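The primary structure of each chain is shown beneath.
Protein chains: 2
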Amino acid sequence: MELNIQRWIDQLRAGDVRTLARAISMVENRGPGWSELLKGLFPHSGKARVLGLTGPPGAGKSTLVDQLARFYRKENRTVGIIAVDPTSPYTGGAILGDRIRMQEHFSDPGIYIRSMATRGSLGGLARTTADVTTVLDASGRDLIMIETVGVGQDEVDIVRLAEVTILILVPGMGDDVQTIKAGIMEIADIFVINKSDRDGAENVEREIRTLQSLAIRSDGWTPPIVKTVASEGTGIAELADAVSKYEMYLKEKNLALNKSVENWQKRLSEMLRDALLEKARGQITDGNLARYAAEVAEHKRDPYTLVEEIAANAGKS
Amino acid sequence: MELNIQRWIDQLRAGDVRTLARAISMVENRGPGWSELLKGLFPHSGKARVLGLTGPPGAGKSTLVDQLARFYRKENRTVGIIAVDPTSPYTGGAILGDRIRMQEHFSDPGIYIRSMATRGSLGGLARTTADVTTVLDASGRDLIMIETVGVGQDEVDIVRLAEVTILILVPGMGDDVQTIKAGIMEIADIFVINKSDRDGAENVEREIRTLQSLAIRSDGWTPPIVKTVASEGTGIAELADAVSKYEMYLKEKNLALNKSVENWQKRLSEMLRDALLEKARGQITDGNLARYAAEVAEHKRDPYTLVEEIAANAGKS
Chain A
11 MELNIQRWID QLRAGDVRTL ARAISMVENR GPGWSELLKG LFPHSGKARV
61 LGLTGPPGAG KSTLVDQLAR FYRKENRTVG IIAVDPTSPY TGGAILGDRI
111 RMQEHFSDPG IYIRSMATRG SLGGLARTTA DVTTVLDASG RDLIMIETVG
161 VGQDEVDIVR LAEVTILILV PGMGDDVQTI KAGIMEIADI FVINKSDRDG
211 AENVEREIRT LQSLAIRSDG WTPPIVKTVA SEGTGIAELA DAVSKYEMYL
261 KEKNLALNKS VENWQKRLSE MLRDALLEKA RGQITDGNLA RYAAEVAEHK
311 RDPYTLVEEI AANAGKS
Chain B
11 MELNIQRWID QLRAGDVRTL ARAISMVENR GPGWSELLKG LFPHSGKARV
61 LGLTGPPGAG KSTLVDQLAR FYRKENRTVG IIAVDPTSPY TGGAILGDRI
111 RMQEHFSDPG IYIRSMATRG SLGGLARTTA DVTTVLDASG RDLIMIETVG
161 VGQDEVDIVR LAEVTILILV PGMGDDVQTI KAGIMEIADI FVINKSDRDG
211 AENVEREIRT LQSLAIRSDG WTPPIVKTVA SEGTGIAELA DAVSKYEMYL
261 KEKNLALNKS VENWQKRLSE MLRDALLEKA RGQITDGNLA RYAAEVAEHK
311 RDPYTLVEEI AANAGKS
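Order-wise, the sequence lines are chains A and B. Here this note's numbering is used: the first residue of the first sequence is 11, the next is one more, and so on. Here this note's numbering is used: the first residue of the second sequence is 11, the next is one more, and so on.
Chain A extracted, bound-state conformation (with noise of 0.2 Å):
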């Protein structure tokens, strides 16, 4: 297995796409050998730049991004692409318009695209998109961009592993619009208005001025409003502009490590958790799961002091 594990890692890094794609699917299935695989890739990643995008339903996120890798194509950057559909959890795989996407851009080696949705794990979404990105990372792309659907907390969890946030706002999103910027305020570093040419951009801005004025970040950065029409390719120059721009902040300020750093404070704890769930589960069977939760749903048993239990005797075998 070792042996074979680092062949892997030799023709990923030698940038086979066909080894990437089954290292990808290692990793997200959590097939015998991801952990290695992993452990191996870890030193060979940390140079690419990863890039977030998130925005509600309708906001045109996929054109976007497929705007932006475009234009980072015709700078001769090679460029990674992992499309986040939490939305599906039952459904594995790419949904049929990724497919279509990653088929136009077949003919180009230079763009990888490929789609998640949740598939129940346990692992959690942000921890399996974390650990693709490394693969990604590890095999040399220049530029990962993690898109993902939405604006509920999983969302801000896998664009926090971004260096850099993009929100996508669009005109005319109804009443709970101030909600959703109130809420993802603080993990934009860019704003985006795209479809800007419908009525109500004006509008959008002028909200996110207003919350802008409310807080302020604690990093000293403002935040800039790109409008564009990624459909039009309109604005895709100011966008990739914006996102130079506050890179070079980050490193000007020292606060790329920082950032990272908190960063993996999360991760480790949160991979700590799943490390210790394993080997909980290796302590009870699904049977006595089974057994337990129906105790529990008949009201015969408090799941409260049933958990203390078994923690407390976790490990002691």
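What the hints contain is simulated information worked out from the structure, not anything from laboratory work. Careful: at least some of the hints might be erroneous.
The list makes no distinction among identical chains, and a pair is therefore deemed to hold if it is satisfied within one copy or across any two copies.
[As the list claims (entries may be wrong)] Taking lysine to aspartate or glutamate and the EDC-like style, the derived pairs with C-alpha atoms no more than 16 Å apart in a straight line are: (1) 269 / 308; (2) 49 / 318; (3) 255 / 207; (4) 49 / 215; (5) 261 / 308; (6) 57 / 308; (7) 49 / 212; (8) 84 / 118; (9) 84 / 248; (10) 276 / 288; (11) 49 / 312; (12) 57 / 319; (13) 255 / 46.
Since we're looking at a predicted model, the values are computed, not measured.
Position chain B relative to chain A; hints supplied.
Then chain B, alone, in the frame of chain A:
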């Protein structure tokens, strides 16, 4: 402490709203005694009906929940509402809109509204929501509605607690509507097309029917589609009727307990994971975690091996 907790439980069960509010805060913040409190309350829970309502931003969830609450109050049932806002990882407490809602219902002690935001707790929002539901349930509320913004994995986890899950859609949601619906199809027991007086309501209905024809539920239930205009109170009685019908179906087919057992299998796993994390936390000081994170961020250390080592030592002391 023991005695104090018992007094809380007594007061809470006697219907004291102030104690209810304090108990929820204790559970939400994991304040001293939270675990004892839940242990004491659990035997008194299990009587309330729990409805979960979710949908994309702008779908009019709050208005719909308010109208449903009014409807059930006319039937003399007491209502508890948990408004979950996973979009706000940093802001604790209620958002403005919810405060206004709470004031509106202030004169009726039969409606209790609680707003919850993610607090970045490692325990996770779904688990905290489940615990708050237990508190409300034990306090004697007849009906609990869990309302959540968005349709990410978080929301799926949250609404899964409910016996009946209602997915609220609106006409004209844009390109991603297909994605949302495909993902959440499996968990929606009832579809609502709100703002159904708008253009495009028929389109949404057709899309739901198409998706339904593709995926047959394992429990044999065909989720009905209810059209509402929540702001005018239209369709609310029909929605309540659909809820009753599904509850009767669950009862007839003996499915309610199965659903509950499945939920508890998942919840027990999660609770166990959290308990183990706490245990592990005791073994890594914050200082150590920060140091490890710095080493990983600087690529001096591989996180995968590190976590394995810590997990292997956990529980040995």
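Status of the hints after comparison with the structure:
1. 269 / 308: Between copies only: 12 Å across chains, 46 Å inside a chain, cut-off 16 Å.
2. 49 / 318: between (33 Å within a copy, 11 Å between copies)
3. 255 / 207: Cα proximity of residue 255 and residue 207: none, with 25 Å in one copy and 46 Å across.
4. 49 / 215: neither (44 Å within a copy, 49 Å between copies)
5. 261 / 308: Only across copies: residue 261 and residue 308 sit 15 Å apart there, 57 Å inside one copy, limit 16 Å.
6. 57 / 308: between (53 Å within a copy, 11 Å between copies)
7. 49 / 212: neither (48 Å within a copy, 52 Å between copies)
8. 84 / 118: within (12 Å within a copy, 63 Å between copies)
9. 84 / 248: within (15 Å within a copy, 56 Å between copies)
10. 276 / 288: between (19 Å within a copy, 14 Å between copies)
11. 49 / 312: between (40 Å within a copy, 6 Å between copies)
12. 57 / 319: Classified as neither; 45 Å inside a copy, 26 Å across copies.
13. 255 / 46: neither (37 Å within a copy, 52 Å between copies)
Hints 3, 4, 7, 12, 13, counting from the list given before, are not met by this structure.
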